Amino acid sequence: MGEIAASEEVEDEADLAYLAGMSNHSFRTFNYSYAGSTTLTVTSSLHRAYRASQSWRSLFRIDQVLQGKRPPAVSDTQAQGLLGACKKVRFRARPAAKEYGIIAAARRLHNDPELQLRRPGQRDAMLATMGPRAPEQVIVVLATGSGKTLVFMVGATLAGAETTILILPTVALRGNMLGRLDKVALKHHIWRPGSKKSAPIVVVSAEAACTEAFLEYANRLSDRQCLDRIVIDECHLTITASCYRRSMSQLAWHVRQIRTQTVWLTATLPPIYQELFFEHNKLVRPHIVRESTNRPNIRYIVQQERGLGNLCEQAACLAQSCWTRTDLFKSERDRVIIYCPTKDLVAELADMLGCPSYTAESGTEEEKMAIIERWLTAADSPIIVATSALGPGFDYPHIRLVIHVDAPSLLTDFSQESGRAGRDGEVAESIVLLSAAWQPQLVRPVSADKEAMQLYLLQEYCSRGVLSQFLDSKPDWRWCMEGDELCSVCPEHHVQCRPPTLEFHLPRPLRDETEAGQDGDNGSGDVAVSEMIFTGPAEVLHQDQVRDEELSRYERDLETMKGCRLYCRVEGKSFEHTVTACARRFDWIRAKQKALRDCQSKKKEWMDRHAVCWKCYQPQEICRAADPEYEGDNLSRAGLGNTGERGTLQAERDLLLRIGTAGRSDSID
Numbered sequence: 001m002g003e004i005a006a007s008e009e010v011e012d013e014a015d016l017a018y019l020a021g022m023s024n025h026s027f028r029t030f031n032y033s034y035a036g037s038t039t040l041t042v043t044s045s046l047h048r049a050y051r052a053s054q055s056w057r058s059l060f061r062i063d064q065v066l067q068g069k070r071p072p073a074v075s076d077t078q079a080q081g082l083l084g085a086c087k088k089v090r091f092r093a094r095p096a097a098k099e100y101g102i103i104a105a106a107r108r109l110h111n112d113p114e115l116q117l118r119r120p121g122q123r124d125a126m127l128a129t130m131g132p133r134a135p136e137q138v139i140v141v142l143a144t145g146s147g148k149t150l151v152f153m154v155g156a157t158l159a160g161a162e163t164t165i166l167i168l169p170t171v172a173l174r175g176n177m178l179g180r181l182d183k184v185a186l187k188h189h190i191w192r193p194g195s196k197k198s199a200p201i202v203v204v205s206a207e208a209a210c211t212e213a214f215l216e217y218a219n220r221l222s223d224r225q226c227l228d229r230i231v232i233d234e235c236h237l238t239i240t241a242s243c244y245r246r247s248m249s250q251l252a253w254h255v256r257q258i259r260t261q262t263v264w265l266t267a268t269l270p271p272i273y274q275e276l277f278f279e280h281n282k283l284v285r286p287h288i289v290r291e292s293t294n295r296p297n298i299r300y301i302v303q304q305e306r307g308l309g310n311l312c313e314q315a316a317c318l319a320q321s322c323w324t325r326t327d328l329f330k331s332e333r334d335r336v337i338i339y340c341p342t343k344d345l346v347a348e349l350a351d352m353l354g355c356p357s358y359t360a361e362s363g364t365e366e367e368k369m370a371i372i373e374r375w376l377t378a379a380d381s382p383i384i385v386a387t388s389a390l391g392p393g394f395d396y397p398h399i400r401l402v403i404h405v406d407a408p409s410l411l412t413d414f415s416q417e418s419g420r421a422g423r424d425g426e427v428a429e430s431i432v433l434l435s436a437a438w439q440p441q442l443v444r445p446v447s448a449d450k451e452a453m454q455l456y457l458l459q460e461y462c463s464r465g466v467l468s469q470f471l472d473s474k475p476d477w478r479w480c481m482e483g484d485e486l487c488s489v490c491p492e493h494h495v496q497c498r499p500p501t502l503e504f505h506l507p508r509p510l511r512d513e514t515e516a517g518q519d520g521d522n523g524s525g526d527v528a529v530s531e532m533i534f535t536g537p538a539e540v541l542h543q544d545q546v547r548d549e550e551l552s553r554y555e556r557d558l559e560t561m562k563g564c565r566l567y568c569r570v571e572g573k574s575f576e577h578t579v580t581a582c583a584r585r586f587d588w589i590r591a592k593q594k595a596l597r598d599c600q601s602k603k604k605e606w607m608d609r610h611a612v613c614w615k616c617y618q619p620q621e622i623c624r625a626a627d628p629e630y631e632g633d634n635l636s637r638a639g640l641g642n643t644g645e646r647g648t649l650q651a652e653r654d655l656l657l658r659i660g661t662a663g664r665s666d667s668i669d
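Residue 527 in our numbering sits at position 527 of the sequence shown, and the numbers go up by one each step.
Just so you know, these hints were derived from the structure itself, not from any lab.
Incorrect hints may have been included.
What the hints assert, rightly or not - Below, in silico cross-link-like pairs of lysine-lysine (DSSO-like), each with a Cα-Cα straight-line distance of 27 Å or less: (1) K98 / K187; (2) K343 / K474; (3) K196 / K183; (4) K343 / K602; (5) K592 / K603; (6) K573 / K562; (7) K474 / K450; (8) K562 / K603; (9) K343 / K330; (10) K604 / K594; (11) K343 / K98; (12) K450 / K592; (13) K592 / K604; (14) K604 / K573.
Because the structure is a prediction, the values reported are computed rather than measured.
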């Protein structure tokens, strides 16, 4: 593209220069031959076309390709050789095995000729993942400590197996998993952006998986037919942690673009969250392996403390007294975890007990692993105080006691944290300490997860039964039976199985809930290996298209609202006048001032941080002024390209909020 003379400068010349460059003409030719000198303004439609053109240009890497020299022409001999090589290429058969082959591989892996699978669900999960008719998407919901990790370990040792990518979302889980891989001498590689090395197991953090470098790495393996599957452990975090971990909300968008099998492992996927899980992770008719999540060796106890001392002091006394119990603690390897809801309580209780603490802010990944290692090897301090950061995936087998200080908020989190206990199969306890003032929330509506936690803490029904009712499908509902440790509610074991129609609930009407069915076929038939159809890339594009259409509709609505007084228009008054000329402008000015005073008196922010732009009150998809990687006009996506239009919208920004809240300042609460 030729240089732009000073006399040829026009408004928004940077955008026009880009358009001229993409037309493969000099700016002079573009300006005089393609109507570039007309009164062209940057509208919403033009910007959408411009973004689309830039996307195609980036996708095909036109700038990089055209910068180099033209490649030499391929001779006829070379072309024939290349064609012959392509004809000889054969697609690699996906490694598959039947039940006896899977068990044999597991025995070789653990060097144990007598090894047997623990539960029927473990067998079904392996057949669904590695069987002759393995589906593209597999969801495995098994109890904590039931051997879900054996699914991908065995898959990586089958004859002809290549690479399995394992995505682990927490530091504690990664440290524990690396130790288990070393124990069975299974080769692995910790992938970081820029790495090109492969191994039977490639371990990736959730944050690293949400990068373009990971997409390039995984797609390269897939193109070379070297990628067997991607496994996401503790996959329930994609919906339970998406509000505070950006990587968990974006993980499925990256993973489902890769043409390979995806396996989702978890112990906590309540049936009521199943459809939400499908939609969030862009799954299309996945195969589900689900069985009871009951932990028969855990004794569930809820204590409402009374008397002197706060909960921290009572928790410290309880932990120290329990350590002397010979019926529970039988080895120096046994350990205790105390969970606190806040980092301040963690620090206070850790100082009180003189023991280590673990939170999300305990340092780097290496420092966190060092804290856990010191705790597990210490002879004088069996206790650690932690937040939920030590919950999902931490797999030390000799946790004898888990104490929760104060009421947990969500039953999904509680089930994960209490499930750290007794993973060796021996008796363990889960104790929740409540203050004497605790009362269930029966008036204000809460989510199903919080409601189930309230029902558990209320102690009117079997604790094991409440957990099973929320986490399992109806055929798997249970309560304390013979062989289970009794909870603090049941005086004795139930003789009969729990009827699937017997539902526990809080003393108020509950909303109706629907449960999605599941496919019971485990794909273990004696048939040839079927072709796997990959639905992930199409589903990602479909959901992206839906979001783009919603954004486009909103942009068109902004175009319609430009140049009018919204306040007057909403109330049916004449609206063809400017902001400063409106006689009613003082109404919303006073309303905003009152709202600001109310916020200051309640020590609240005017609005949530990072919710919208504080200048124009548009979402970040429209206004990208806060994006450090964006250098364009902050209102360009809304089609407000010139100064007058930007001024109009910014003058109306308070009015947009005023109309949205219907004039109520208390709506900010």
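Quiz item: CA of K343 to CA of K330, is that 27 Å or under?
Solution: violated (31 Å)
Exercise. Take a quick look at whether K573 and K562 sit within 27 Å of each other, Cα to Cα.
Key: holds (16 Å)
Quiz item: Is K98 close enough to K187, meaning Cα to Cα at most 27 Å?
Solution: holds (24 Å)
Practice problem: Could you grab the alpha-carbon distance between K343 and K98 and see if it respects the 27 Å cut-off? | Solution: violated (49 Å)
Quiz item: Is K592 within 27 Å of K604, Cα to Cα?
Solution: holds (14 Å)
Quiz item: Does K604 pair with K573 here, judged by a C-alpha cut-off of 27 Å?
Solution: Measuring from Cα to Cα gives roughly 34 Å; hence the hint is violated.
Exercise. Measure nothing beyond the straight line between the CA atoms of K196 and K183; if it is 27 Å or shorter, mark the hint as holding.
Key: holds (25 Å)
Self-check item: Proposed proximity, K450 with K474 (alpha carbon, max 27 Å)
Solution: holds (20 Å)
Quiz item: Is K343 within 27 Å of K474, Cα to Cα?
Solution: violated (37 Å)
Quiz item: Quick one, are K604 and K594 close enough, alpha carbons at most 27 Å?
Solution: holds (13 Å)
Practice problem: Would you mind confirming whether the straight-line C-alpha gap from K343 to K602 stays at or under 27 Å? | Solution: Satisfied, since the Cα-Cα distance of roughly 24 Å is no more than 27 Å.
Quiz item: Given the hinted pair K592 and K603, is their alpha-carbon gap at most 27 Å?
Solution: This hinted pair holds, its Cα atoms lying about 16 Å apart.
The structure does not agree with the numbered hints 2, 8, 9, 11, 12, 14 stated previously, though it agrees with the rest.
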